[in-house]
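> Take a look at the letters that make up each chain.
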Amino acid sequence: MRKKLTKVAAMAMVGAMALSSLAGCGSDSATTTAAATEKATEAEETKAEKTEAEETEAEETKAEETKGESAEGEAVDYTQYASTEEKDSYGEDALKNWEPFSEKVTLTIPVYDRSQAGLPAVDNNYWTQWVQRHFGDPMNIEVKYVAIPRNDVMTKYSTLIASGDQPTIMMEFDYPKVSQWANDGAMQPIDLEAFKEVAPTYYQSMVDSDTVQYSTINDDTYFVFAKRPATYTWITVVRKDWLDEVGMELPESYEEYTAAIDAIVEAGLCGDYPIGISLPNAAYITNFGYRDYPVNEEEWAIHSSLGTPAFTMEATKKMLKRQNDEYHKGYYSTEYDLDADGSQAKADFINGKTFSYSGYTAADCQWLNEFYQNNPDAELALASHWQSVEEGVTADHPVFRTDNPYGMAIGFSSNASEDELKAAWMYLEWMSQPDVLFTLENGYEGKQFDFNEEGLPELNTDYEGDDIMNYSANSDMTTVVHASREYGTIEQRLELVSPKGLPQDLSAEIVQRDAEWRELVEEGYGYTDPQFSVSIDSEAEYSATLLSLWQEYSVELTKCDPTEFDSLYEELSQEFLDAGYQEILDERLEAYQNGQTSHLPDTVQVQ
Amino acid sequence: MASKAKKGQIMAVQPRKRGIGYYIQKDWQLYLMLLIPLVVVLVFKYAAYPGLRMAFMNYKPAKGYAGSEWVGFEIFQKIFKDKDFIRALRNSLIFNFVDLIVSFPVPIVLAILLNELRFPRFKKVSQTILYLPHFLSWVIVANVMYTMFKPDTGLVNNILVNNGIISEGIPFLTEKWHWAVSYTLINVWQTMGWGTIIYLAAITGINGELYEAANIDGANRWQKILHITWPGIKGTTVTLLIMNLGKVMGSNFERLDSFDNVQVREFQYQLAIYIYEKGLAGNNFSKATAVGLFQSLVGLILVLAADWFAKRLGEDGLI
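Going down the list, the sequences are from chains Z and W. Heads up, the working numbering is the position in the first sequence plus 62, with the first residue counted as 1. Heads up, the working numbering is the position in the second sequence plus 15, with the first residue counted as 1.
I should point out that these hints are in silico values taken from the structure, not numbers from a laboratory. Mixed in with the good hints there might be a few duds.
What the hints assert, rightly or not - With a straight-line cut-off of 27 Å between C-alpha atoms, the simulated BS3-like cross-links for lysine-lysine are:
1. Lys-191/W x Lys-262/W
2. Lys-383/Z x Lys-191/W
3. Lys-78/W x Lys-206/Z
4. Lys-302/Z x Lys-166/Z
5. Lys-218/Z x Lys-302/Z
6. Lys-391/Z x Lys-415/Z
7. Lys-391/Z x Lys-191/W
8. Lys-206/Z x Lys-158/Z
9. Lys-98/W x Lys-621/Z
10. Lys-509/Z x Lys-562/Z
11. Lys-249/W x Lys-621/Z
12. Lys-191/W x Lys-218/Z
13. Lys-98/W x Lys-379/Z
14. Lys-326/W x Lys-249/W
15. Lys-191/W x Lys-379/Z
16. Lys-218/Z x Lys-78/W
Take the sequences, apply the hints, and build the full model.
Here it is as structure tokens:
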């Protein structure tokens, strides 16, 4: 009897093992590319931290004001969209135009997974089911969400594309990335007229933001664009209390800045070093301030990019030279290059060891909360935009990179059938309906939000329940429509996202800095990167190599002996060009000369 | 091995011919279990073979095999002209040979030493402690090592500096030559314990009577090791050496990536990193496959050559 039992158990185990070892082979292509995908996943796990923020810089830089500004000036009555509990239907105005599909259509939509603790799964939660109930069920569509790790978007998409499983909607903030997918054949060309038929509201929003012009690449139309409302949530704070202690004002120039830092070090207020920096992990080099102003359009067209580091630009040399100087003055940790994800720099600031830090603000702002917990008596101020301006080194004004005129660039899978494509367009249109959008990013009145005295929805950050919203008020779902919430005027929006519940109220300063920034941008001290209407193939091929070289070279040049800086820079520049950058420059120059790029405003250009 | 074969023949002295069905029926459970590894090998090793054609195509995943064009040896020509590939190849070969020379003998010595231990409990505890690092992944090992060996804030350098032994921190992992040494020694530490298992098993297989006879003849420990233990495990050693030679072209992505930092990329840039960076991050599957194929072919040639050489020397070899 016992022997039999053991036999049965052994058999069961053998069966289970056999099954699980077969589970890996889903589709044919999955097995044939097994070797490649295996490495890709392995890499995904270990490289995860490194590629972090490759995409985020699109959000980190400040957004340009777009023409499609809603509610600017005129007040909208948001109570008409609000309800205290789930209504019978949402987005009626869109739904009534369509017939349900006769056969069930599957629609797959990517959603970022930011691994936030305490929040529900991004691909299956109350709100994804809510979309299914109110959009999917009435139209006979099965809406499936696919989680995309936020810090490794490209590898995840690569593996999905390699196995032919790319989602129906494919989207990214950075144009070079979506254009690469289009160029590789992972997306299908679309007919904008047909799109307009199905999604008139969405299309109108593109017309209002003037983004239709970017839809075409290599003479085929591939993309539609989400809106990017004006927002200013990236802030730099400094230790006001330290400045007071050494009897100094907020630095308004680089000279004042270094004087303040030197005095703070002298007074022994900071830790081992006053400034926290970390290994650069994005291809975007923040050298706008160091570029000649007005700008030479050709130089701008071939260098300025989020996708490839502009290492050989004169502005980058100036920037690194200053960094080298600061390093040898002992401003940075000698081990800063080992801090690949910026966690050390953040911890240093939170622990009260460094002078300044930059990050996103939010009503419930974690890094500021932690900072005040550790330093309850500290006082912060928002850094001046002028803090790094130095005659002969930077332009005479602070100059900024303004953001793309659009939020997400959205294309559609080459594997999508006609019905699936239509379902995707219907989804975009339905999501654009004001009551859908309002409910998705605010929840229900009295639960996730309440109206403030100005009639704007204010989120209740303490809310916990089954219908809790995901990261940043479901923004990773609503991002197909717009990159951020847009309620009230810019000032009112900033008010809403200013950190709450801190010993110090920073909202007035945030509003003020934003106004100053806006003014400078309007005067022409802000511009963005060129847009290409052809794909730059060499960029896809070399950008990963060049990013890793940029990391290596920037550290080498920061730490090298100041007397050797110039010759080393020359030498490394040549190596950088040889490693593929020259090819990219040539290809971009050709596109520029053929008129296949966007242009700088006349006020910014060298005439 | 030869003696085993002879035994098999003796067993089969009275052949009552039976079909294969009889044996399968008799031991069907065993065959069923054998099926699992067979399927795994077939699916993950052989089913991937058709994918190798990528190396000869300009392969675009979204377009599939049908939509991608054949380019012959163009990808290979491109790779062999690539300076980065030469650097990766050079680093891989050098570091793998160094690994082989340094790491290979350690488990043998260690196994012999462990075998000489006479107090069983002490032996067991030592073995367990030696095995433990094997169960830590490279990511964890690297993080611990970086924390311990940072030049300014690392534990080891702090102790050395505070006691006045050195005046400035040693960049164990942040300067390329230091890194090369640390990287190799950490590998020895991580793998040596686990490597002893196979040698200890071989030592167990040595006939105890040989030692008794040696004792009677008055041999000392050293002589016993030299004339009994070592010849007893020599065959195993040669087999393992040949198998390890096949790895000389290999490259462990996990280990390299965990020990990555920008100041040592000159040495850390090896084939696995090259494949990841150019092939996968650059979305160029053809390149990744071509390098992989090249690695495997060279690995195969090395193994066959070593096997031939071993047989010339009178050892058993692999095949």
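> Hints first: check each against the structure and report whether it holds.
Each hint, compared with the structure:
1. Note on Lys-191/W and Lys-262/W: the hinted pairing holds, with a Cα-Cα distance of about 23 Å set against a maximum of 27 Å.
2. As the CA atoms of Lys-383/Z and Lys-191/W are separated by approximately 24 Å, the hinted pair is consistent with the 27 Å bound.
3. Distance hint between Lys-78/W and Lys-206/Z is fulfilled; the C-alpha atoms sit about 24 Å from each other, no more than 27 Å.
4. Distance hint between Lys-302/Z and Lys-166/Z is unfulfilled; the C-alpha atoms sit about 60 Å from each other, more than 27 Å.
5. The straight-line distance between the Cα atoms of Lys-218/Z and Lys-302/Z is roughly 43 Å, outside the 27 Å bound, and the hint therefore fails.
6. Restraint check: the Cα-Cα separation between Lys-391/Z and Lys-415/Z comes to about 17 Å, which is no more than 27 Å; the hinted pair holds.
7. In summary, the hint linking Lys-391/Z to Lys-191/W is supported, as the alpha carbons are separated by about 25 Å, within the 27 Å threshold.
8. For the proposed pair Lys-206/Z and Lys-158/Z, the alpha carbon gap of about 23 Å is at most 27 Å, so the pair holds.
9. As the CA atoms of Lys-98/W and Lys-621/Z are separated by approximately 26 Å, the hinted pair is consistent with the 27 Å bound.
10. The suggested pairing of Lys-509/Z with Lys-562/Z holds, with an alpha-carbon distance near 18 Å, which does not exceed 27 Å.
11. Pair hint Lys-249/W plus Lys-621/Z does not hold up; C-alpha atoms about 51 Å apart against a cutoff of 27 Å.
12. With a C-alpha separation of about 32 Å, the suggested pairing of Lys-191/W with Lys-218/Z is violated against the 27 Å cut-off.
13. Only pairs whose Cα atoms come within 27 Å are accepted, and Lys-98/W paired with Lys-379/Z is accepted, the gap being roughly 25 Å.
14. The straight-line distance between the Cα atoms of Lys-326/W and Lys-249/W is roughly 13 Å, inside the 27 Å bound, and the hint therefore holds.
15. Note on Lys-191/W and Lys-379/Z: the hinted pairing holds, with a Cα-Cα distance of about 25 Å set against a maximum of 27 Å.
16. Distance hint between Lys-218/Z and Lys-78/W is fulfilled; the C-alpha atoms sit about 18 Å from each other, no more than 27 Å.
Hints 4, 5, 11, 12, counting from the list given before, are not met by this structure.
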